[in-house]
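Going down the list, the protein sequences come from chains E and X.
Sequence positions in the first sequence follow this note's numbering and run 1 to 303.
Sequence positions in the second sequence follow this note's numbering and run 1 to 303.
By construction, these hints were calculated from the structure, which means they are not laboratory data.
Treat each hint with caution, since some may be false.
Which copy is meant is left open, so a pair is good if it fits within one copy or across any two.
[Claimed, not checked] In silico SDA-like links for lysine to any residue, alpha-carbon gap of 20 Å or less:
#, residue 1, residue 2
1, LYS203, GLY120
2, LYS203, GLN114
3, LYS203, ALA250
4, LYS203, ALA116
5, LYS203, GLY118
6, LYS203, PRO121
There are 2 protein chains.
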Amino acid sequence: MMSDHFLALDWGTTNLRAWVADRDGKVRLRRDFPLGVAGLAPGEAAQRFAADVRPAMAAEQLPAVLCGMIGSTLGWQAVAYADCPASFAALQGALHRIDQPGAPVWIVPGVRTQRADGCGPDVMRGEETHIFGWAMSEASRQRGTHLICHPGTHAKWARLVDNRLENFVTAMTGELFALLRQHSALRVAEAIENEDAFELGLKASGDGGALASRLFTARSRVVGGDMPSDQVESYLSGLLIGAEVAATPALLGVAAPAKVAIIGDLALCARYRRALTWHGFEADVFDGEAAVLAGLAAFYRGV
Amino acid sequence: MMSDHFLALDWGTTNLRAWVADRDGKVRLRRDFPLGVAGLAPGEAAQRFAADVRPAMAAEQLPAVLCGMIGSTLGWQAVAYADCPASFAALQGALHRIDQPGAPVWIVPGVRTQRADGCGPDVMRGEETHIFGWAMSEASRQRGTHLICHPGTHAKWARLVDNRLENFVTAMTGELFALLRQHSALRVAEAIENEDAFELGLKASGDGGALASRLFTARSRVVGGDMPSDQVESYLSGLLIGAEVAATPALLGVAAPAKVAIIGDLALCARYRRALTWHGFEADVFDGEAAVLAGLAAFYRGV
Chain E
1 MMSDHFLALD WGTTNLRAWV ADRDGKVRLR RDFPLGVAGL APGEAAQRFA
51 ADVRPAMAAE QLPAVLCGMI GSTLGWQAVA YADCPASFAA LQGALHRIDQ
101 PGAPVWIVPG VRTQRADGCG PDVMRGEETH IFGWAMSEAS RQRGTHLICH
151 PGTHAKWARL VDNRLENFVT AMTGELFALL RQHSALRVAE AIENEDAFEL
201 GLKASGDGGA LASRLFTARS RVVGGDMPSD QVESYLSGLL IGAEVAATPA
251 LLGVAAPAKV AIIGDLALCA RYRRALTWHG FEADVFDGEA AVLAGLAAFY
301 RGV
Chain X
1 MMSDHFLALD WGTTNLRAWV ADRDGKVRLR RDFPLGVAGL APGEAAQRFA
51 ADVRPAMAAE QLPAVLCGMI GSTLGWQAVA YADCPASFAA LQGALHRIDQ
101 PGAPVWIVPG VRTQRADGCG PDVMRGEETH IFGWAMSEAS RQRGTHLICH
151 PGTHAKWARL VDNRLENFVT AMTGELFALL RQHSALRVAE AIENEDAFEL
201 GLKASGDGGA LASRLFTARS RVVGGDMPSD QVESYLSGLL IGAEVAATPA
251 LLGVAAPAKV AIIGDLALCA RYRRALTWHG FEADVFDGEA AVLAGLAAFY
301 RGV
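Could you build all of it, start to finish, from the sequences and the hints given here?
Structure representation (structure tokens):
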């Protein structure tokens, strides 16, 4: 008989978010650790888990469910991808158990698909838990077809059919934004969040094509005298998100005015909602933290 | 009466290339200086020109013609853009003269256009001299309409009609490639130039849309087991150049099977030719160094 409480970990590339929660996902304790997988040495994950995470969460005797890049070659242990179409039950059955002093640990497998555009495989680790957590929490929505957008460094767009993850694609929009604002000729000394500049960027994204050319307009508008440089970042954000929203749903065979569920950081989700609305989609926003916790709790109930 | 010889300078963001040449562009001396505009302090350009460049070229008494970012706010002196449509004669008339001990200096103005896609202005500094130099050297080609591609950090695509620069757009493909291979999740430890991977990238670029999503396939093909990581850079190059070639000509109202003149570094031009041919264009390659020198000599003959 498993403990009523468990340790839930969303252990990603740049951050580790931890909760102690009960089987229904009700939270007793929540904490972030600067232990992103990208910064871990080989073998360090297990050690940090035992020496740092468990004690800080008073969870030495609690079982744990982990999702995210912790299941990659860079993490604790490489866990094989589950293939699309993937049901919650299939992932549940493929949880990777690691026996640990005190109580066991389970790692949720990532998911792999073959892209419909013929560009080979696509992969996710962590977002599958958000997606199924969302589907479980929004009970009335489980059946039928849903388009889900999970924005972030590597945004995931997924098609869920009757609660099966049918297919998905990644768009590395967040990473492009970070690279361009930090390292490129579009870098500016000062940035002010500006709604009009964001919308100008949305308009400039067109149909999502010729992105390398449209990006340069974030520079040429400034040197050409059309835009103050402190608006470049908002413009760039609108341009990149606009281009993603214009072109990515079609890769999954979905077109406006479909309904899209945006799951993630609420401020970022609001930007995506604006872009989706502008492109004729209907969009609802759901908190990513609630979704992943619901997913981890659902997996825990099944072990 | 001007000297028979002159100092020709292509003074760009990252490098300064200098020649002593005669009025027909015949070269007596050629040298590169690590004095790119990006590394110059305010006021430093004039000082470096007098103290370093002129002595090293034995050109203390020679007049000089300069093109490139040296005419920007970061360079020697900000020279106002000429607007499209721009003829060679218009640029000649707008050369910016700076009197210097020994002999004068002229800076070629950059060119500004209004993009046909409604995304505001676009700008160039330096490429106008390559373009007109190419047109002058290829005398039989001067009349009629030409599509010119000048690849590089910020690639320029220009439409030349009866020897007037009608319109152009920039694509920051080279900079995206550098950012992605140096700073992104697509970074790899070892890269081997691979023709098949380049072609796979070309195919993966599709119609040039959904770039942020297609870029991720340079990662997911590796972690999904489809591609060795040492092929990522060639694949990425094919993907980015393919996306540019697929989408940029249309911004100038040009479609395959038009003829394209590619002017620039010959190895890079060869990659663009492959992408253009793959997309159904007819492409000829011209050496960028010969083109810019021909342009600088033509301006010198007119002063």
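The hints, checked one at a time:
1. LYS203 - GLY120: Between copies only: 11 Å across chains, 31 Å inside a chain, cut-off 20 Å.
2. LYS203 - GLN114: between (31 Å within a copy, 16 Å between copies)
3. LYS203 - ALA250: So LYS203 and ALA250 pass the 20 Å test inside a copy (19 Å) and across (18 Å) alike.
4. LYS203 - ALA116: Between copies, since 14 Å is at most 20 Å while 27 Å is not.
5. LYS203 - GLY118: between (29 Å within a copy, 9 Å between copies)
6. LYS203 - PRO121: between (31 Å within a copy, 15 Å between copies)
Of the numbered hints listed earlier, not one is contradicted by the structure.
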